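Construct the complete structure from the given sequences, taking the supplied hints into account.
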Amino acid sequence: MIIVFAVFLLTLLVLTAVAVVRTENLFVAVMLMAIFSLLMATNFFILDAADVALTEAAVGAGVTTVIFLGALALTAEQEKPIVSGRWLPLAVVSVTVLVIIYASFDQPRLGDPGAPAHQHVAPWYLEKTAEFIDIPNIVTAVLASYRGYDTLGEVFVVFAACIGVLFLLSVPPVKPQKSKSSDNSSGLRHHLIPQVVGRLLVPFIFLFGLYVQFHGEYGPGGGFQAGAIIATGIILYALLEGEAAALNAIPKSVLMAMVCGGAMLYGMVGVAGMILGGNFLDYSVLHSDPVIGQQMGIILIEAGVGITVCGALLSIFHAFAERD
Amino acid sequence: MYFTVSLAILVTMVLAVIRALKGPSVYDRVLAVNMFGTKTALLLSVVAFLYGRPDFLDLALIYALINFVGVLAVLEFFQKRSAAQGHTTKD
Amino acid sequence: MLLDILSWILLCLGGGFVLVGGIGALRMPNFYTRMHAASLTDSTGSILIVVGVMCQAGLSLATIKLLTILIFLLLTGPTATYALANAALLSGMKPQADTDEGRSSS
Numbered sequence: 001m002i003i004v005f006a007v008f009l010l011t012l013l014v015l016t017a018v019a020v021v022r023t024e025n026l027f028v029a030v031m032l033m034a035i036f037s038l039l040m041a042t043n044f045f046i047l048d049a050a051d052v053a054l055t056e057a058a059v060g061a062g063v064t065t066v067i068f069l070g071a072l073a074l075t076a077e078q079e080k081p082i083v084s085g086r087w088l089p090l091a092v093v094s095v096t097v098l099v100i101i102y103a104s105f106d107q108p109r110l111g112d113p114g115a116p117a118h119q120h121v122a123p124w125y126l127e128k129t130a131e132f133i134d135i136p137n138i139v140t141a142v143l144a145s146y147r148g149y150d151t152l153g154e155v156f157v158v159f160a161a162c163i164g165v166l167f168l169l170s171v172p173p174v175k176p177q178k179s180k181s182s183d184n185s186s187g188l189r190h191h192l193i194p195q196v197v198g199r200l201l202v203p204f205i206f207l208f209g210l211y212v213q214f215h216g217e218y219g220p221g222g223g224f225q226a227g228a229i230i231a232t233g234i235i236l237y238a239l240l241e242g243e244a245a246a247l248n249a250i251p252k253s254v255l256m257a258m259v260c261g262g263a264m265l266y267g268m269v270g271v272a273g274m275i276l277g278g279n280f281l282d283y284s285v286l287h288s289d290p291v292i293g294q295q296m297g298i299i300l301i302e303a304g305v306g307i308t309v310c311g312a313l314l315s316i317f318h319a320f321a322e323r324d
Numbered sequence: 001m002y003f004t005v006s007l008a009i010l011v012t013m014v015l016a017v018i019r020a021l022k023g024p025s026v027y028d029r030v031l032a033v034n035m036f037g038t039k040t041a042l043l044l045s046v047v048a049f050l051y052g053r054p055d056f057l058d059l060a061l062i063y064a065l066i067n068f069v070g071v072l073a074v075l076e077f078f079q080k081r082s083a084a085q086g087h088t089t090k091d
Numbered sequence: 001m002l003l004d005i006l007s008w009i010l011l012c013l014g015g016g017f018v019l020v021g022g023i024g025a026l027r028m029p030n031f032y033t034r035m036h037a038a039s040l041t042d043s044t045g046s047i048l049i050v051v052g053v054m055c056q057a058g059l060s061l062a063t064i065k066l067l068t069i070l071i072f073l074l075l076t077g078p079t080a081t082y083a084l085a086n087a088a089l090l091s092g093m094k095p096q097a098d099t100d101e102g103r104s105s106s
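Residue numbers (our numbering), protein chains in the order written: chain A, 1 to 324; chain B, 1 to 91; chain C, 1 to 106.
For the record, the hints were derived by calculation from the structure and aren't laboratory data. Fair warning: there could be bad hints in the mix.
Computed list of lysine to aspartate or glutamate pairs in EDC-like fashion (alpha-carbon distance at most 20 Å, straight line) [as the list claims (entries may be wrong)]: (1) LYS252/A / GLU241/A; (2) LYS80/A / GLU24/A; (3) LYS22/B / GLU79/A; (4) LYS80/B / GLU77/A; (5) LYS80/B / GLU322/A; (6) LYS252/A / GLU322/A; (7) LYS22/B / GLU77/A; (8) LYS128/A / ASP289/A; (9) LYS22/B / GLU322/A; (10) LYS128/A / GLU241/A; (11) LYS80/B / GLU243/A; (12) LYS80/B / GLU241/A.
Being a predicted model, the structure only gives us computed values, none of them experimental.
Structure (structure tokens):
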């Protein structure tokens with residue numbers, strides 16, 4: 001059964017990827033990337049990785065398309081023709097592919113319980129999560145507590161990426177912008193039906209984002225996904241009412257405070273653990289009962305992750321939208 | 001039974017991808033992407049039951065909610081571009 | 001038992017509808033007819049499949065989630081189709097009701 005799904009989805013994935021590379025129209029490439037992302041999410045889902053699939057769904061379905069289109073509005077629609085020098089990259093890629101295919105012969109079969117990855121610390125996580133942290137979703141336990149350092153690193157990567165994009169895009173444009181009067185028509189205010197339906201959806205997207213944020217200990221979800229979903233809700237609002245209305249609702253200073261504050265909240269939880277006598281990011285000391293301490297720590301750092309991701313995605317979106 | 005239905009949806013997804021690859025106009029491609037998104041939501045809700053994991057319906061829910069945002073973004077992109085082109089060609 | 005048969009019928013019909021919609025979206029001669037095929041069977045197929053799965057789920061949280069999925073799909077699908085058709089029409093793509101192409105292929 002899984003073989004049939006895998007054959008279908010992986011074939012489509014390869015087809016779409018080749019088409020993305022081959023096409024010279026960048027708009028077509030953006031549309032195909034949307035399909036690629038949907039396929040990836042379905043693949044993760046078929047492989048039972050619900051948390052990863054939810055991340056791909058939250059980021060890929062809405063935010064990436066919007067940001068790609070924002071970037072596309074700043075550039076030409078056709079790819080520039082490549083003049084020469086394609087042989088060296090081809091050789092490098094071919095050698096790499098051959099090496100990877102050779103390495104894949106040593107890979108254990110899909111779902112093999114004897115695989116090294118399932119022998120090292122994974123059984124310990126599976127056995128001890130109920131005792132130490134007492135939450136049903138072990139992925140969240142691994143991500144937020146056992147591997148808290150890795151997640152902290154990821155949050156700082158998001159933070160750094162946001163700062164980098166803002167540095168690149170906040171350079172004032174060379175050409176004087178066309179008159180501001182055309183900006184007033186931004187947004188879909190003249191389209192009645194999408195606006196009515198979209199307005200109806202915005203609160204539900206927020207509600208669902210909060211559900212994913214606070215339900216991450218029990219089902220698939222967590223800070224990354226929730227941040228992306230809430231950012232999508234605000235982007236939908238910006239699309240319907242124009243950028244100005246969205247910036248009025250959540251000004252840039254608040255967005256920057258979110259990006260920095262979320263990352264700092266995460267770090268502060270770690271420091272609080274140190275002050276209370278534990279190790280960095282050791283949540284057990286946050287409460288007299290170590291299990292409740294762990295749960296408190298996970299909720300706090302997930303909130304930090306969510307705030308940072310939401311702020312970063314929105315800052316990048318506004319940075320792109322401002323340029324055109 | 002679930003498997004048959006998910007197979008039908010998968011075949012439809014293949015057809016949508018072919019339409020997205022062929023699509024003479026850009027609108028055909030947007031249509032194909034939109035169709036692919038709804039089909040993904042349907043496939044995920046069927047597969048969640050095929051696997052016996054109704055928890056996973058969250059994913060289908062997210063697609064049902066968010067797929068729309070992509071289409072609206074495309075429309076706004078078209079609107080902005082035609083406004084910009086109208087600006088340059090009219091003068 | 002009756003519920004099983006009902007859900008089986010609904011799911012099979014839904015799968016058929018979705019498949020027909022996909023074939024229509026691939027085979028129809030111009031953009032608006034393709035959109036018609038994709039969107040009409042999209043909504044019908046969604047209703048049939050989701051209601052079919054709901055019959056299997058019984059009265060639980062999953063049914064409520066499926067109902068929300070259905071409502072959101074039914075809200076967003078036609079809206080997206082409308083908006084897309086509107087954008088295509090504004091861009092100057094005229095719906096051709098009676099073209100040579102349509103006549104020759106019919």
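Q.
Does GLU77/A sit within 20 Å of LYS22/B, going by the straight-line distance between their CA atoms?
A. Holds - the C-alpha atoms of GLU77/A and LYS22/B are around 18 Å apart, at most 20 Å.
**Q.** Holds or violated: LYS80/B to GLU322/A, with C-alpha atoms at most 20 Å apart
**A.** holds, 13 Å
Q) Does GLU24/A lie within 20 Å of LYS80/A when you go C-alpha to C-alpha? A) Holds, because 8 Å separates the two Cα atoms, which is no more than 20 Å.
Q.
Hinted pair, alpha-carbon criterion (20 Å max): LYS80/B, GLU241/A. Please report holds or violated.
A. With Cα atoms ~14 Å apart, LYS80/B and GLU241/A stay inside 20 Å; holds.
Q) Between LYS128/A and ASP289/A, is the straight-line Cα distance small enough, at 20 Å or below? A) holds, 16 Å
(Q) Between the alpha carbons of LYS80/B and GLU243/A, is the straight-line distance 20 Å or under? (A) The given pair, whose Cα atoms are some 13 Å apart, holds under the 20 Å limit.
Q | Hint consistency between LYS252/A and GLU322/A [alpha-carbon to alpha-carbon, up to 20 Å] | A | The given pair, whose Cα atoms are some 12 Å apart, holds under the 20 Å limit.
(Q) Does GLU77/A sit within 20 Å of LYS80/B, going by the straight-line distance between their CA atoms? (A) holds, 14 Å
Q) CA of LYS22/B to CA of GLU79/A, is that 20 Å or under? A) holds, 19 Å
Q: Mind checking the alpha carbons of LYS252/A and GLU241/A for me, to see if they're no more than 20 Å apart?
A: Answer holds: LYS252/A to GLU241/A is near 17 Å, not above 20 Å.
Q | Pair hint outcome, LYS128/A versus GLU241/A [Cα-Cα no greater than 20 Å] | A | Violated: LYS128/A and GLU241/A sit about 49 Å apart, past 20 Å.
**Q.** Pair hint outcome, LYS22/B versus GLU322/A [Cα-Cα no greater than 20 Å]
**A.** Outside the cut-off at roughly 33 Å; violated.
Checked against the numbered hints given earlier, the structure breaks hints 9 and 10 and satisfies all the rest.
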